[in-house]
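*Asks:* For reference, the chains in residue letters:
Protein chains: 2
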Amino acid sequence: MSDGALFNAVADFIADLQDRICAAVEDVERGVTFGEQIWKRPGGGGGRSRVIQGGSVFEKAGVNTSVVHGTVPTQLAGELPGGGDTFRAAGISLVIHPVSPMVPTVHANFRRIERGGHGWFGGGADLTPNYLYEEDAVHFHRVWRDVCARHPVADYAAWKQWCDDYFYIPHRGEHRGIGGIFFDHVSDAPEEMWAFVQDAGTAFIDAYLPIVRRRADEPWGERERTHQLVRRGRYVEFNLLYDRGTKFGLSSAGNPESILMSLPDTARWIWGYKVEPGSWEERSLDVLRKPRQWVASDGELA
Amino acid sequence: MSDGALFNAVADFIADLQDRICAAVEDVERGVTFGEQIWKRPGGGGGRSRVIQGGSVFEKAGVNTSVVHGTVPTQLAGELPGGGDTFRAAGISLVIHPVSPMVPTVHANFRRIERGGHGWFGGGADLTPNYLYEEDAVHFHRVWRDVCARHPVADYAAWKQWCDDYFYIPHRGEHRGIGGIFFDHVSDAPEEMWAFVQDAGTAFIDAYLPIVRRRADEPWGERERTHQLVRRGRYVEFNLLYDRGTKFGLSSAGNPESILMSLPDTARWIWGYKVEPGSWEERSLDVLRKPRQWVASDGELA
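Chains A and B are the protein sequences, given in the same order.
Going letter by letter, the first sequence gives residues 1 to 302 in our numbering.
Going letter by letter, the second sequence gives residues 1001 to 1302 in our numbering.
Do not take every clue at face value.
As the list claims (entries may be wrong) - For lysine-lysine, the following DSBU-like pairs were computed, each having C-alpha atoms within a straight-line distance of at most 35 Å: (1) Lys1247(B) x Lys40(A); (2) Lys290(A) x Lys1040(B); (3) Lys1247(B) x Lys1290(B); (4) Lys40(A) x Lys1274(B).
What the hints assert, rightly or not - Which residues of chain A face chain B? A partial, calculated answer using Cβ under 8 Å: (5) Val51; (6) Gly55; (7) Thr266; (8) Ile270.
Just so you know, the hints here were simulated from the structure itself, not pulled from any lab data.
Even glycine gets a Cβ: it sits at the ideal position worked out from N, Cα and C.
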């Protein structure tokens, strides 16, 4: 496949994947449906943002696609691999913040970027529970482990580690969540990577929505809500202080609202907030401080 | 005065100023009093954090002092002027987020930093209203203009502009508030600057608390609260994405809680939030997009 054909195929795929993910989310939500905003980027291209807000299951969920092209923004000239003054990028990015503190937040992103004659894939998915259900963490990781196992070009063990390393909040000594996979700048074997990205993008639905279904009716109260809002504060800290995608988006694109859609509806910073020793909250924090191996990296051992 | 005597005098002054500001804030608050946390910095020095949370007038108010010294952190080696591997810093930093959306948030900071034989003063104060009362903006600026007028070493016009330039959120095309004064790396005329800093630190009380007293009983409801929480989201965006002090603190100090005390108790990000054309909210946003000259720079013209 030529670079141009591959890029167009990615653009078509993410539009279709956005439809499928939104339909699957609405099927769980039932209360409200996605609103849509189409936006144009002044420098070339644009995007389609879809957002649920104030749902019965999802407090705020954004599933965005964008296909942009143009001159490499000055701030990014040194950061984007490849040479040349022009670039194009096609990607899907989603963040889902549920109403219930017992249902984890999730993020996923798959993208192809090309600069001059050099192109690469990047992406991944990671889960951020406020209250740890170990079987959910295992389920989430098992889906990604199994997708990787189907594609020799993918490396679950390395990409799980990359995810833990990337989603880290140094000033807190905490990871953002319990991880998943993360990969970037993968330029080798584009045909094989393209097959992997399609498989992984589709797998998101099975990785996340079964967890929502099984936790949506767990009981919770004010204590759990407060803990959730404080944890959402940490999510905001990571995204604004450390996330390269957010910085990339704010310096390259025309739509800050769409990039900052990753932020939760509400976040809190409570001075002196502490979890009780031995509590569920503390056990949930422990795995953010010391990431675990949730599944064997080799599928046959699981 | 020797460098050492000056530094010690600054350290004594900020401890006393913290007491005076906290007493003045408690006098308006009446509901709750400041809690205190003393912390040590592993690399040398420490601080005294004082926080009000959940008050009747102040939702979250932090008035912190720190006096730290030690080896220049690697991340800051290129950013701190002067040479040498050691530094010391003494400063007071405060952020006050009131309960009422009609009462503005305020920030102020005064500090002396020395690296090797080179020392400088920095600081300033700026106001962030959700609902603009022009006379409050004029009052705030007039206090700073008048303090500057008493000290030939100070330059209100330049420092007002510096404040507007510094507290800017480029991806929103908005300034964080209606400004005030900001100055940094002022190494000339240390004795004169020291006299100015003492005058300015003390002036904070007159610059802010009269505004709180006159707006604390203004009526407000859900609409104003929502607008306030969205504006607090912008405050968080500035502090985490762009504020050098926050980055400096997170890379140099031992106490992230104390640095992030500047964040509001609660912030919201509402997809598609818009103010009504011609509304008070819109008029208040206008002055964040186009900073105004609130008082004549020359005191005699006011």
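*Asks:* Please go over all the hints and tell whether each is borne out by the structure.
*Replies:* Going through the hints against the structure:
For the hint linking Lys1247(B) to Lys40(A), the alpha-carbon distance of about 33 Å falls within 35 Å, and the restraint holds. Straight-line distance between C-alpha atoms of Lys290(A) and Lys1040(B) comes to about 25 Å, which keeps the hinted pair within the 35 Å bound. Pair hint Lys1247(B) plus Lys1290(B) holds up; C-alpha atoms about 27 Å apart against a cutoff of 35 Å. Restraint check for Lys40(A) and Lys1274(B): the C-alpha separation of about 19 Å stays at or below 35 Å, so the hint holds.
For Val51(A), the shortest C-beta to C-beta distance to chain B is roughly 5 Å, which falls under 8 Å, so the interface hint holds. Hint on Gly55(A) is violated. Least Cβ distance to chain B is approximately 12 Å, over the 8 Å limit. A distance limit of 8 Å between C-beta atoms decides the matter here; for Thr266(A) the minimum to chain B is near 5 Å, and the interface restraint holds. At a threshold of 8 Å, the smallest CB-CB gap from Ile270(A) to chain B is about 7 Å, leaving the interface hint in force.
Of the numbered hints given earlier, the model fails hint 6 alone.
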